Amino acid sequence: MVEVTVDPLSRIEGHYRINTEVSEDGVITDAQSNGLVFRGFERALQHHDPRDAALFTMRICGVCPVCHSITAANALDDLFGVADQVPKNALVMRNVHQAMNFIASHAAHIYVLWGPDLANPAYRDILTQHGDLGNAVWGELSGRFMPLVNQEGGTRYPAGSSYVAALREFRRLHEGIALIAGKMPHPVLQHVGGVVYSPTVADIQKLISYVSQTARFVENFTLGVPPETWIENTYRASSPESAVNFVIERLQELLDNSLNNNDFSHASGWGDVPLFAAFGSELIGETMLGLPVSLKLDRSGGYKDPNTIGFLSYGVFFQA
Amino acid sequence: MGGSGVNNEGLLEEFKNLDFIKMDRRTFIKAVGALGASLFLQTYKSDIAKAFNGLPETKVLWLHGVMDSGCSISMLDGENPDILEFLQLFNLNLLYHEVLMMQQGIFVDGQLANTSDLNSEVLLEEILENERGYVLIAEGAIANGPHGSGKYMVLGGKIYKDVFERAARNASVIVAIGQCATNSGVNAAESEISDLMDHRGVAFTLEDPSKGIVDLLGIDTPVVNINGCPAHPDWVFLTIGAIALGKIRVPDDLPEVLDRWYRPKVFYPPDHTVHDNCPRRGFYDRGEFETTVGGPKCLWKLGCKGPYSHADCALRHWNGHVNFCPQAGSPCIGCVQPGFPDSTRPFYVEIEDAGIVNTNLDTIAGVAIAGGLIAAGAHALRRTVLRKPEEKEGTTEESALERTGGEK
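First to last, the sequence lines map onto chains A and B.
Numbers given in this note's numbering equal positions in the first sequence, counted from 1, plus 80.
Numbers given in this note's numbering equal positions in the second sequence, counted from 1, plus 479.
Keep in mind that the hints were calculated from the coordinates and are not lab data.
Treat the hints with caution; some may be incorrect.
Claimed, not checked - Stretch-level coverage of chain A by chain B, calculated; a stretch enters the list once three of its residues show a Cβ under 8 Å from a Cβ in chain B: (1) 112 to 122; (2) 142 to 150; (3) 191 to 199; (4) 218 to 230; (5) 249 to 261; (6) 274 to 284; (7) 363 to 375.
As the list claims (entries may be wrong) - Which residues of chain A face chain B? A partial, calculated answer using Cβ under 10 Å: (8) H128; (9) L135; (10) V244; (11) A295; (12) R296.
Owing to the predicted nature of the structure, the values given are computational and were not obtained by experimental measurement.
For glycine and all other residues, C-beta sits at the position ideal for the given N, C-alpha and C.
Construct the entire structure; sequences and hints are all you get.
So this is what it looks like as structure tokens:
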């Protein structure tokens, strides 16, 4: 048994430690997580004007302030007995506000906080054992997901293309939040009983534009197909099987075009999701598509019971 | 020195079209001092995206203490320059940043594993051991509690106060970004346990200059404060840029360019508040005030702290320069002021009236319900209260000036 500790767990908001016990087979047999900072927010609200909470509590997190703000506003609605009087338009504004933060947080989480793990040199050592194909895939992973601060053997690599593009979307969505909520992080829209701002027609048009531009990022970088096509064939597919088939057929099509020239670039249709699906998973990449190598990330999880693994429901892609 | 553009119109014209990158240091300092309000920065920024070669590398160590990473996020929201342009333009070598770095801290059976390429704790040790004269960007407060131990923040098995001390001693300048770092901010908010937690700002804890962590630790590295919750990316990038370019010499120029809270006067002008350029200012001048949220008029009676808050928010605006708090319908909560949040809460109460409605929930509920309805627009119950213009003590620029004491 080996004790492996990750501390600090970087690339998150705040400070965190993970303690694990790893068996000789490389299986994690025990784990604890620890928050390493105490800020006493609950206490700082006591004996003060309760209305402050909608602007105060969000300062617990600079990445997801909106949900804390809305939660506080909901609690205040209850406290003042006005929960059933909050106008529908105010609820819509709350939802739009939260949704914008939700999308921006996806950009941050996937590309800035988690994505850099795919550019870990440990994966280079696995991939580059497999000739031109392995080298090409490593080139894509490191060229897309390298974080801003990195080093290897005295060399600094430029931040990855997907990483940088996701930061642009993050910034754009935050601008959208600021448009209706003053600024971001720590927007000022939420208030007991509703919200403090009613958007103009121009604001609404601009918000649509912000989100449309982000949808183009999702097409060009994330999926490699328009989001509408993806949703139509997965989320709205007639059955789980047809959704799986759509993904696999798409991957097969991409592979047919790329295996000769080892071009796995965004431009050749390899969005980040297809690249990750094909080369991240042993089951998809090696077993189903016959690829010579994968990162075997589907083998590193803790889903012992195959029946609990559903399409997209647990972060993996299909029924075992 | 009045810091007022009004008295320096000739000077203002003279500086208006200067590019700060090309400006010599003396002119820069003169301009920063003379223009007071942020007019200067409109030119200060204009040519910033131009390629700049030959600038020596400046190393930057970015540490996160007791905070919410909101200032890192705010820096990611910066544009013209954005964070990548900022680092390139000023030839900054960002050595360590907990949110933006590849590495994690990894221990195997309690021992550090791998090298600094793969282990952030090895990297941090190497930096603290070997690097000198870097810019330390301090984001977040420093935990001193419980009982002076600093154990309310432990990172990589080390007490953060100790890490900060080592990093701060060997820095050429500490740039504290955001209210948690500058004044401890919400971490120091009054509560039954605030003394026990004892989260400290770098040079101040709230308005107390004797409670900064640097004093406690006997560190004499110069400190520049970029206040705000969060700090505006322009304020941070342009201050550090000016230091990297040698426009602001540390420590020689600091007494001239900083106010007594160590804030660059150019962004936190002693003679200028958020109120001065507020789009609702016309309503204030006519004595037309909102008493519930959601309307277009002055938010003074809803507790707006704009008249007390020395920052260029109303000129600069946030996130692509699209908006700022009072424009979006919320009273300014004074997040750049040293005493924030205690000196500015209750957020929705005029400073003179603070404490009165605190105990009367019925009054607040009445205001709040109407506010919510008006905010929503459609079926709003609009309750407009017109008032005669009132001269309030404490709203004039003169007394606002006195509150921050930013002038010599």
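I'd like to know which numbered hints this structure contradicts. Please list them from smallest to largest. Structure breaks hints 7, 11, 12.
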